[in-house]
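Visitor: Protein chains in written order, with the working numbering: chain A, 1 to 158; chain B, 159 to 320.
One or more of the hints may lead you astray.
To give a feel for the contact side, a few chain B residues facing chain A, derived at Cβ under 7 angstroms [stated by the list, open to error]:
(1) Met205
(2) Trp208
(3) His217
(4) Leu220
(5) Ile270
If you are wondering where the hints come from, they were derived from the structure by calculation, not from laboratory data.
The C-beta atom is built at its ideal place from N, Cα and C for all residues, glycine as well.
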Amino acid sequence: MQFMEDEICQYTVDIWKQILGLEVHRTQEEFLPDGSEGTLSGCVQIMGSWDGTVMLTCPLPLARKAAAIMFGTNEETASKDEIQDALGELANMTGGNIKSLLHTPEQECYLSLPAVAVANQHLRVPGSEQVTQITFQHQNHRFVVSLLKKAAGKERAK
Amino acid sequence: MPVLENELREYTQLVWQTLLDLEVVPSPDDPIPLLAKDWVTACVQIMGEWTGLVVLETHPDLARTLAGKMFFLEPGEITTEEIKDSQGELINMVGGNIKALLPEPNYLSVPIVALEGHSLFFPGTIPVTQICFLCEEQKFRVSLLQPTTRSRVSQKIQSEPF
Chain A
1 MQFMEDEICQ
11 YTVDIWKQIL
21 GLEVHRTQEE
31 FLPDGSEGTL
41 SGCVQIMGSW
51 DGTVMLTCPL
61 PLARKAAAIM
71 FGTNEETASK
81 DEIQDALGEL
91 ANMTGGNIKS
101 LLHTPEQECY
111 LSLPAVAVAN
121 QHLRVPGSEQ
131 VTQITFQHQN
141 HRFVVSLLKK
151 AAGKERAK
Chain B
159 MPVLENELRE
169 YTQLVWQTLL
179 DLEVVPSPDD
189 PIPLLAKDWV
199 TACVQIMGEW
209 TGLVVLETHP
219 DLARTLAGKM
229 FFLEPGEITT
239 EEIKDSQGEL
249 INMVGGNIKA
259 LLPEPNYLSV
269 PIVALEGHSL
279 FFPGTIPVTQ
289 ICFLCEEQKF
299 RVSLLQPTTR
309 SRVSQKIQSE
319 PF
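Assemble the whole structure, with the sequences as input and the hints as a guide.
Guide: Encoded structure:
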């Protein structure tokens with residue numbers, strides 16, 4: 001069992017259903033980015049009693065679909081800014097739910113602003129190690145939600 | 159008015175000097191489009207009483223040079239791993255110094271780095287300070303970004319429940 005595996009599955013299914021009205025389910029199939037269609041990664045970082053990164057990586061057509069639903073436009077006319085906003089918001093909602101489980105009475109956790117990368121691979125997070133990776137499927141699209149934890153001994157500037 | 163402009167300039171020069179033994183000077187012109195494509199982009203975030211991002215954008219050739227200096231490698235020995243780690247470490251050190259000036263409590267994120275021509279965007283933020291530098295006759299830029307209002311999609315979700 002990966003770290004917070006069940007929680008990430010539940011939150012992802014709920015967010016995509018409630019915010020987008022889309023059914024997604026976990027799959028054991030691998031997400032292999034197709035260089036021809038482009039891939040986006042949205043991430044937020046959690047800081048405080050637990051330090052790490054929540055990353056959502058999905059193909060451009062699925063991000064475009066999510067943006068069209070969020071902004072009430074057509075997939076064909078969804079702008080680059082709207083697509084980035086939509087993916088950032090999905091990462092933000094996923095990260096916000098995970099953060100709420102990680103803070104302690106002694107120390108709060110903070111959630112960063114979202115960052116979005118247009119990439120054909122995952123964003124790089126130096127000094128972190130992946131602790132959870134789950135692939136989801138919506139129709140013929142796959143996407144990945146990953147959790148990366150700051151590696152032990154990687155304490156940097158204070 | 160730019161935020162922490164003097165501090166950002168001084169800390170950048172200090173980090174390049176102490177870590178890489180390189181002199182950097184502010185460049186009077188700023189021809190780099192914001193978060194220019196094909197440049198290496200690294201950032202850390204500061205969250206707490208003050209919220210914002212510290213972003214480093216580096217020409218790919220300079221990023222390779224800096225990695226070689228940091229890890230004592232010849233040009234042919236440098237991989238994307240070294241470029242990723244060196245960019246992350248540089249922005250972490252600049253961001254760590256900026257963080258120390260800000261009211262507590264605040265937290266510094268781990269760095270994230272976009273390589274290989276990937277573009278990195280920060281929805282819902284605007285640059286409040288941007289300083290372009292010259293190093294080894296090539297440009298890089300250090301910026302502070304702060305959140306504007308909530309993102310457009312947050313506002314839409316708030317006003318039009320799905």
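Visitor: Could you run down the list of hints and mark each one as holding or not?
Guide: A quick look at each hint next to the structure:
Hint on B/Met205 holds. Least Cβ distance to chain A is approximately 4 angstroms, under the 7 angstroms limit. A hinted interface residue such as B/Trp208 counts as satisfied when its beta carbon comes closer than 7 angstroms to some beta carbon of chain A; here the least separation is about 11 angstroms, so the hint is violated. Taken as an interface hint, B/His217 does not check out: its beta carbon lies about 18 angstroms from the nearest beta carbon of chain A, beyond 7 angstroms. The closest approach between the C-beta of B/Leu220 and any C-beta of chain A is roughly 18 angstroms, which is over the 7 angstroms cut-off, so the hint fails.
Given hint, B/Ile270 at the interface with chain A, holds; its Cβ is 5 angstroms from that chain's nearest Cβ, closer than 7 angstroms.
Hint compliance for this structure: hints 2, 3 and 4 are not met, and every other hint is.
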